[in-house]
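Participant: For this one, chain A is given, so just place chain B on it according to the hints.
Number of protein chains: 2
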Amino acid sequence: MTLTSRAFAMSGELRGDRVIVGDPAEASALYNRGYFGVPQPGGGVEMDLLEAVYLVEAERLEVRRDGHRVTSPELFRSAGRAIPSFEIRYLVYRDLRQRGYVVEARGGALDFQVYPRGGAPKKTPSKYWVRALSERAVFDLAELLGRAEEAASVRKTLLLALVDEESDLTYYGVREARPRGHRTIGSPKERAVAHFLGDRAVVIDEAQADALHTAGFFGKMVGRRLQLSLLETAFLLKSGFVEVRNAETDRSIGLSRLIQEAKAIQSDFPLRLRAYEDLTARGVISKTGFKFGSHFRAYEGDPETHHAKYLVHVVPKGHRGAWPEISRAVRLAHGVKKQILFGEVGPSVRYVKLERFRP
Amino acid sequence: MTLTSRAFAMSGELRGDRVIVGDPAEASALYNRGYFGVPQPGGGVEMDLLEAVYLVEAERLEVRRDGHRVTSPELFRSAGRAIPSFEIRYLVYRDLRQRGYVVEARGGALDFQVYPRGGAPKKTPSKYWVRALSERAVFDLAELLGRAEEAASVRKTLLLALVDEESDLTYYGVREARPRGHRTIGSPKERAVAHFLGDRAVVIDEAQADALHTAGFFGKMVGRRLQLSLLETAFLLKSGFVEVRNAETDRSIGLSRLIQEAKAIQSDFPLRLRAYEDLTARGVISKTGFKFGSHFRAYEGDPETHHAKYLVHVVPKGHRGAWPEISRAVRLAHGVKKQILFGEVGPSVRYVKLERFRP
Numbered sequence: 001m002t003l004t005s006r007a008f009a010m011s012g013e014l015r016g017d018r019v020i021v022g023d024p025a026e027a028s029a030l031y032n033r034g035y036f037g038v039p040q041p042g043g044g045v046e047m048d049l050l051e052a053v054y055l056v057e058a059e060r061l062e063v064r065r066d067g068h069r070v071t072s073p074e075l076f077r078s079a080g081r082a083i084p085s086f087e088i089r090y091l092v093y094r095d096l097r098q099r100g101y102v103v104e105a106r107g108g109a110l111d112f113q114v115y116p117r118g119g120a121p122k123k124t125p126s127k128y129w130v131r132a133l134s135e136r137a138v139f140d141l142a143e144l145l146g147r148a149e150e151a152a153s154v155r156k157t158l159l160l161a162l163v164d165e166e167s168d169l170t171y172y173g174v175r176e177a178r179p180r181g182h183r184t185i186g187s188p189k190e191r192a193v194a195h196f197l198g199d200r201a202v203v204i205d206e207a208q209a210d211a212l213h214t215a216g217f218f219g220k221m222v223g224r225r226l227q228l229s230l231l232e233t234a235f236l237l238k239s240g241f242v243e244v245r246n247a248e249t250d251r252s253i254g255l256s257r258l259i260q261e262a263k264a265i266q267s268d269f270p271l272r273l274r275a276y277e278d279l280t281a282r283g284v285i286s287k288t289g290f291k292f293g294s295h296f297r298a299y300e301g302d303p304e305t306h307h308a309k310y311l312v313h314v315v316p317k318g319h320r321g322a323w324p325e326i327s328r329a330v331r332l333a334h335g336v337k338k339q340i341l342f343g344e345v346g347p348s349v350r351y352v353k354l355e356r357f358r359p
Numbered sequence: 001m002t003l004t005s006r007a008f009a010m011s012g013e014l015r016g017d018r019v020i021v022g023d024p025a026e027a028s029a030l031y032n033r034g035y036f037g038v039p040q041p042g043g044g045v046e047m048d049l050l051e052a053v054y055l056v057e058a059e060r061l062e063v064r065r066d067g068h069r070v071t072s073p074e075l076f077r078s079a080g081r082a083i084p085s086f087e088i089r090y091l092v093y094r095d096l097r098q099r100g101y102v103v104e105a106r107g108g109a110l111d112f113q114v115y116p117r118g119g120a121p122k123k124t125p126s127k128y129w130v131r132a133l134s135e136r137a138v139f140d141l142a143e144l145l146g147r148a149e150e151a152a153s154v155r156k157t158l159l160l161a162l163v164d165e166e167s168d169l170t171y172y173g174v175r176e177a178r179p180r181g182h183r184t185i186g187s188p189k190e191r192a193v194a195h196f197l198g199d200r201a202v203v204i205d206e207a208q209a210d211a212l213h214t215a216g217f218f219g220k221m222v223g224r225r226l227q228l229s230l231l232e233t234a235f236l237l238k239s240g241f242v243e244v245r246n247a248e249t250d251r252s253i254g255l256s257r258l259i260q261e262a263k264a265i266q267s268d269f270p271l272r273l274r275a276y277e278d279l280t281a282r283g284v285i286s287k288t289g290f291k292f293g294s295h296f297r298a299y300e301g302d303p304e305t306h307h308a309k310y311l312v313h314v315v316p317k318g319h320r321g322a323w324p325e326i327s328r329a330v331r332l333a334h335g336v337k338k339q340i341l342f343g344e345v346g347p348s349v350r351y352v353k354l355e356r357f358r359p
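Heads up: the protein sequence lines correspond to chains A and B, in order. Residues 1 to 359 in our numbering are what the first sequence lists, from first letter to last. Residues 1 to 359 in our numbering are what the second sequence lists, from first letter to last.
This is chain A alone, in the form it adopts within the complex (with noise of 0.2 Å):
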């Protein structure tokens, strides 16, 4: 096998991080077989080193300097030296070439434009973006809103690639999500007494609770009173629905002293409130996503008769995140048939979707 395509293979010189093929046949060979590197006047082809090594990998290329052969692992080498993370970009185009897709590694500050299964440059438009990325990268929300948003007004989809640490891939489809759901929030007779009980408060008065908990979905009866989340709490002393009072006092508790108290024990909860508002708003019932490691589960209407359709983590404007975690969120969200959104929570609240993708 290697004797024979060896023979067949054709050459190419290696100048600088640019491997030139000057011959006319077979430059042309290249380019009408796989759209490899760029035609140049007089004939030849011009190819990046990810090309080069991909070919000479395969046997379809040999590289000379100098009159003499460059040997794979030398090119290899050289490639590493010449191109910052090279083995991370070179894994992610060598696996979708052999996936039978034409990559162009010239896409600016994306890593690589994919075409369609068939389709060419020059031919069709390319499908999809994809980012060559290190599974120690940062994540970074706010980057990637931009991408998704960028991706999605030329109507392409936006794909991470990760590598780990054991050089396997995995692909994640990311656009930019609207959730809306269908609550309206009706408004019951009478202002209910819930009581703080530290971690959560209580609606004792049997008719209060009832009303209250029809009224939006808020909170769960348990015998016959209901028991309030902290957010759910807080949003609706907020929003004049309930007298907020101390279960061991009964005197009143304002909004700030809630807040502040919750804080205690939950530090990002003014942050976890902003995006319960915002869902809130959306018309999306949103209760803890606590078993799933998450913090929201979120429904787009009776969470008694529908299943949770997202699964909602959020992190304010700016942060900077772990791959693994998100790795872990997506995966557990696809495990539960669930849509992971990731919230960036600025002055206004921006989600972004990931999903597993196979190429």
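Calculated from the structure, these hints are not laboratory results. The reader is advised that the hints may include incorrect statements.
Since the list gives no way to pick out one identical chain from another, each pair is judged satisfied if it fits inside one copy or across any two copies.
Subject to a maximum C-alpha distance of 27 Å in a straight line, what follows is the list of computed DSSO-like cross-link-like pairs (lysine-lysine) [claimed, not checked]: (1) Lys337 x Lys238; (2) Lys309 x Lys338; (3) Lys263 x Lys127; (4) Lys337 x Lys220.
Facilitator: Below, chain B without anything else, positioned relative to chain A:
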């Protein structure tokens, strides 16, 4: 319904944080049908407030103080004042009682002793030790290992009942784990050269790559090269199976230098390395758990023919973490049919297994 059952309710007297049912016939009915309270000399029973609130809520008991009826809301609020985390403890107590278990709250540090269905105090040994925890409690692995050991020594199952902010319950079974695999590591004839690429290493020589991969399932073949993770590289260097060279300069890299480089991109690298070595010494093959958001996926045999049995998450001795993260890891492991182990890396490495439990 309420009138009739109220007419038959038994009567108890509130004294401090106890409720005394003095009538011998009523006391005997409470104790014999449900094992509520502690029988007193003279025929009465003395109950704690968990029991009293439960029985009042079920309308089997009416509580009086100084000749006046104590309403259910009043009693509930008294209990909240008298008992730390009453609400959390009560939710778990109530849930277990409603599931038909006999529950004793007198278990010392552990919150409840729970008898097997049909079992009872003085007749059968208790089966479960159940600890009620708020989802906001700290995850303390050392404490958990201690409790699991203690429970196992008297043949009890340790359960944690986590109460989330919406008062939903999740039970976890906890036990110490001792993972074992059947990897034996062969000795390749020659020491391989691994080129260090910053966040991984690569063995470029085909024969060396093949020998190393065969010797103990190390690395991953990509084309004809063998990609080694940083952990594998450090382990193999330490074991004398490879020498490591800088990919650009070809200069030799020693272990302490390699670990220093690895730490710069993964600050917990030494922790991971110790866990990797421990798992390897147990015959377990561990690979990155990146896709699952954990440190390792671990195999009892050849990763190419076996499924990973475990996901392993490691923390340094003394680590105190957050329950929502743990909850997410358990959920995820369950979804992919693997066992999740949490490893405590101290002078030795100890593992605890957590699984969801349906009582």
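Participant: Each of the hints needs a verdict: does it hold here or not?
Facilitator: Here's how the hints hold up against the structure:
For the identical chains of this complex, Lys337 and Lys238 are neighbours neither inside a copy (34 Å) nor across copies (44 Å), given an alpha-carbon limit of 27 Å. For a Cα distance limit of 27 Å, the shortest separation of Lys309 from Lys338 qualifies both inside one copy, at 5 Å, and across copies, at 25 Å. Taking the shortest Cα distances, Lys263 and Lys127 never come within 27 Å of each other, neither inside one copy (45 Å) nor across copies (38 Å). When the C-alpha separation of Lys337 and Lys220 is checked against a cutoff of 27 Å, the pair qualifies only within one copy, where the shortest distance is 24 Å, while the shortest distance between copies is 31 Å.
Figure legend: structure checked against the earlier numbered hints; hints not met, in rising order: 1, 3.
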